[in-house]
Amino acid sequence: MKQQSEGQRGARVARPSSSARPRAWLGIVPFAVFCLAFMILPAGSLLVGSFQDPQGAFTLANIAHLFRPDILKCYLVTIEVSAVTAVAGGLFGLLLAFSVTLGGLPKGLRSGLLTFSGVASNFAGVPLAFAFIATMGRVGMVTVVLKTVFGINLYEHGFNLYSFWGLCLTYLYFQLPLMVLIITPALDGMKKEWREASESLGASKTQYWLHIGLPILAPPLLSCMILLFGNAFGAYATAYALTGGLLNLVPILIGAQIQGDVLHDPNLGYALAFGMVVVMTACILAYTALQKRASRWLR
Amino acid sequence: MSARRGWAWLWLFLGFLYFFIPLLGTFIFSLHGKRGVLSFAAYHRVFADPLFIETFTFSLQMAILTIIVGLCLIIPTVIWIHLRAPWAKPVVETFSLLPFVIPPIVLVFGLIRMYSAPPFQLVSSRLLLVAGYVVLSFPYIYRSVDAGLRAIDLRGLTEAAQSLGAGWGTIMFKVVLPNMRVSLLSAAFLTFSIVIGELTLAVMLAWPAFGPYMALVGRDLAYEPAALAILSFLLTWGLIGLIQFASRRLAGSALGGTH
Numbered sequence: 001m002k003q004q005s006e007g008q009r010g011a012r013v014a015r016p017s018s019s020a021r022p023r024a025w026l027g028i029v030p031f032a033v034f035c036l037a038f039m040i041l042p043a044g045s046l047l048v049g050s051f052q053d054p055q056g057a058f059t060l061a062n063i064a065h066l067f068r069p070d071i072l073k074c075y076l077v078t079i080e081v082s083a084v085t086a087v088a089g090g091l092f093g094l095l096l097a098f099s100v101t102l103g104g105l106p107k108g109l110r111s112g113l114l115t116f117s118g119v120a121s122n123f124a125g126v127p128l129a130f131a132f133i134a135t136m137g138r139v140g141m142v143t144v145v146l147k148t149v150f151g152i153n154l155y156e157h158g159f160n161l162y163s164f165w166g167l168c169l170t171y172l173y174f175q176l177p178l179m180v181l182i183i184t185p186a187l188d189g190m191k192k193e194w195r196e197a198s199e200s201l202g203a204s205k206t207q208y209w210l211h212i213g214l215p216i217l218a219p220p221l222l223s224c225m226i227l228l229f230g231n232a233f234g235a236y237a238t239a240y241a242l243t244g245g246l247l248n249l250v251p252i253l254i255g256a257q258i259q260g261d262v263l264h265d266p267n268l269g270y271a272l273a274f275g276m277v278v279v280m281t282a283c284i285l286a287y288t289a290l291q292k293r294a295s296r297w298l299r
Numbered sequence: 300m301s302a303r304r305g306w307a308w309l310w311l312f313l314g315f316l317y318f319f320i321p322l323l324g325t326f327i328f329s330l331h332g333k334r335g336v337l338s339f340a341a342y343h344r345v346f347a348d349p350l351f352i353e354t355f356t357f358s359l360q361m362a363i364l365t366i367i368v369g370l371c372l373i374i375p376t377v378i379w380i381h382l383r384a385p386w387a388k389p390v391v392e393t394f395s396l397l398p399f400v401i402p403p404i405v406l407v408f409g410l411i412r413m414y415s416a417p418p419f420q421l422v423s424s425r426l427l428l429v430a431g432y433v434v435l436s437f438p439y440i441y442r443s444v445d446a447g448l449r450a451i452d453l454r455g456l457t458e459a460a461q462s463l464g465a466g467w468g469t470i471m472f473k474v475v476l477p478n479m480r481v482s483l484l485s486a487a488f489l490t491f492s493i494v495i496g497e498l499t500l501a502v503m504l505a506w507p508a509f510g511p512y513m514a515l516v517g518r519d520l521a522y523e524p525a526a527l528a529i530l531s532f533l534l535t536w537g538l539i540g541l542i543q544f545a546s547r548r549l550a551g552s553a554l555g556g557t558h
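Residue numbers (the numbering used here), protein chains in the order written: chain B, 1 to 299; chain V, 300 to 558.
Next comes chain B alone, as it looks inside the complex (with noise of 0.2 Å):
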């Protein structure tokens, strides 16, 4: 309503002359150029790249070059952690939330698990591999206390924290704090009136879920995940610190392209950095999409 009127107001007073208009231009030049000189045009000039042959010339290859198995491989593995931990930290990340709002719990809870999950979800990078290396590595205190304690040796039963699943559990300490924070205000928004007019109508707690609740949950449910998968779909830092660059992830073969061309082709580099925005750019617009949607019930 606010932003409505201010935007009434603002037309009124921006439009008296018509040489306001240019002027008006003039303010985001700053900023414009900036972004295209630092965002944009970089980025352009991958996009660019990638449909460049060494010579400069246009060419398809690069593109279906990205199809080529180890490359496929590579987008595939990515994926699979992105997938894995949009999921399992979507999933639980919700019960989290859903503890603390529709819960029952003491009020004093759901700050301090905002407050803590605002810290862990910028808790990334070089420190969160350190602690996941000190904690569950080979000579981690949590592998040392299990096998000298309980005789478990979670290294001989296939646990292993520079691979996939240890990566997927390292992505999780960021992933389903930021699930928390962004699922909260969906979850604020189911009305207490819903349930009791389904109970009032003799609605069972299952139909409630059925009919009500999880139809209203999943668009923004859906797109919290998305997000989540973008945000481990881009993450570079994390486990280059955690396997020194032996899980082949596209971030990961990007930088070892970036410091060494690894692929013996500079522009089937630029290719799969074009990729990666083009995957990115898909996540976005399907988040925004659905957040639209589930904005009809939720506000």
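These are computed hints drawn from the structure, not numbers from a lab.
As the structure is a computational prediction, the values presented were derived from the model and not from experiment.
Heads up, a few of these hints could be off.
Calculated cross-link-like contacts (lysine-lysine; reagent style DSS-like; alpha-carbon spacing at most 30 Å) [what the hints assert, rightly or not]:
id	chain 1	residue 1	chain 2	residue 2
1	B	Lys-205	B	Lys-192
2	B	Lys-107	B	Lys-191
3	V	Lys-333	B	Lys-147
4	B	Lys-73	B	Lys-192
5	V	Lys-388	B	Lys-292
6	B	Lys-147	B	Lys-205
If you want the ones that stay clear, here's a sample from chain B, every Cβ over 12 Å from chain V, calculated [what the hints assert, rightly or not]:
id	residue
7	Phe-58
8	Thr-170
9	Pro-185
10	Ala-289
Take a look, some chain B residues computed to stay more than 12 Å from chain V by CB distance [said to hold, decoys possible]:
id	residue
11	Leu-26
12	Glu-80
13	Val-84
14	Val-87
15	Gly-103
16	Asn-122
17	Ala-129
18	Phe-159
19	Asp-188
20	Lys-205
21	Asn-231
22	Leu-247
23	Ile-258
Backbone N, C-alpha and C define an ideal beta-carbon position, used for all residues, glycine too.
Got chain B sorted already, so can you dock chain V onto it with the hints?
Relative to the frame of chain B, chain V by itself:
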């Protein structure tokens, strides 16, 4: 009813275990710096390393520069949009959210490709690193500044100040900015927490920053990385705490607004 509460407690307890065990494990691990006894030896060694001070200072400088450049770029733009060019809002909003679509590793790849050859040979300049950091912090700065401006009656305040004879300098520094200090502070702290331990851009552009330093320590040593992880966690906790403290303490005393 009580069954639901029981489940809620269970989930919260599991979450607590997942979040708490790595912190506790890392902390205990970091105390093993001296053989046979628990001590803060690893922490002493971290602080005694001249590279620690050097790289931290470097990242600190970059963080401050990023905050200054980012705020100087975004505040005037957003104020301008609110006052003169509401039609430009979607454009600027899209631009400032684009870093979510362009991961840091892709951004730095593009920056290197574009600026490693003439006419703009910037790869070995700190300017490029700061510019990259400003891009990374765009979404956070934009969101904070926009929220801060929406919370005050910008048009009313500026018109009142103008009718009292204030120039644009006075309006900005005596009226608008003081009213936005909470959101400016939180933008600054968030930017700081992004830049201080940032790895991707610093490694690829080959700067002796704190992030690459930590990664190097992790490759060579055992207990010092754990100490660094605990220190980073405390730093993050402190920054987020400061944001929340600032918004609670200062929000009540803000002038103008809707009340």
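Tested hints:
1. Taken as a hint, the B:Lys-205 and B:Lys-192 pair is honoured in the structure, with Cα atoms around 13 Å apart against an allowance of 30 Å.
2. Taking the CA atoms of B:Lys-107 and B:Lys-191, the gap is near 18 Å; set against the 30 Å cutoff, the hint holds.
3. Between the alpha carbons of V:Lys-333 and B:Lys-147 the distance comes to roughly 22 Å, so the proposed pair stays at or under 30 Å and holds.
4. Simply put, B:Lys-73 and B:Lys-192 have alpha-carbon atoms about 47 Å apart, too far for the 30 Å limit, and the pair is violated.
5. At most 30 Å may separate the alpha-carbon atoms for a hinted pair to count; V:Lys-388 and B:Lys-292 meet this at roughly 18 Å.
6. For the proposed pair B:Lys-147 and B:Lys-205, the alpha carbon gap of about 44 Å is over 30 Å, so the pair is violated.
7. The claim that B:Phe-58 is not at the interface with chain V holds, since no C-beta of that chain comes within 12 Å of its own (minimum 18 Å).
8. Not every Cβ of chain V is farther than 12 Å from the Cβ of B:Thr-170; the closest lies at roughly 9 Å, contradicting the non-interface assignment.
9. At the 12 Å boundary, the C-beta of B:Pro-185 stays outside the reach of chain V, the nearest C-beta of that chain being 15 Å off.
10. Against chain V, the non-interface label of B:Ala-289 holds: every CB pair exceeds 12 Å, the least being about 15 Å.
11. With a cut of 12 Å on Cβ distances, B:Leu-26 falls inside the contact zone with chain V, its closest approach being about 9 Å.
12. Here B:Glu-80 stays apart from chain V, with its beta-carbon at least about 17 Å from theirs, past the 12 Å limit.
13. No beta-carbon of chain V comes within 12 Å of the beta-carbon of B:Val-84; the shortest separation is about 15 Å.
14. B:Val-87, annotated as away from the interface, keeps every beta carbon of chain V farther than 12 Å; the closest lies near 16 Å.
15. Not every Cβ of chain V is farther than 12 Å from the Cβ of B:Gly-103; the closest lies at roughly 3 Å, contradicting the non-interface assignment.
16. Distance to chain V contradicts B:Asn-122 as a non-interface residue, since its nearest Cβ pair spans about 5 Å, not more than 12 Å.
17. Taking the minimum C-beta to C-beta distance to chain V, about 7 Å, the non-interface status of B:Ala-129 is violated against the 12 Å cut.
18. Residue-level check passed: B:Phe-159 sits 15 Å from the nearest beta carbon of chain V, beyond 12 Å.
19. Every Cβ of chain V is farther than 12 Å from the Cβ of B:Asp-188; the closest lies at roughly 15 Å, confirming the non-interface assignment.
20. The Cβ of B:Lys-205 sits about 9 Å from the closest Cβ of chain V, inside the 12 Å cut-off, so the non-interface label is violated.
21. Non-interface call for B:Asn-231 relative to chain V: violated, since the shortest CB-CB distance, roughly 9 Å, does not exceed 12 Å.
22. The Cβ of B:Leu-247 lies farther than 12 Å from every Cβ of chain V, with a closest approach of about 15 Å, so its non-interface assignment holds.
23. The Cβ of B:Ile-258 sits about 5 Å from the closest Cβ of chain V, inside the 12 Å cut-off, so the non-interface label is violated.
The structure shown violates the earlier hints numbered 4, 6, 8, 11, 15, 16, 17, 20, 21, 23.
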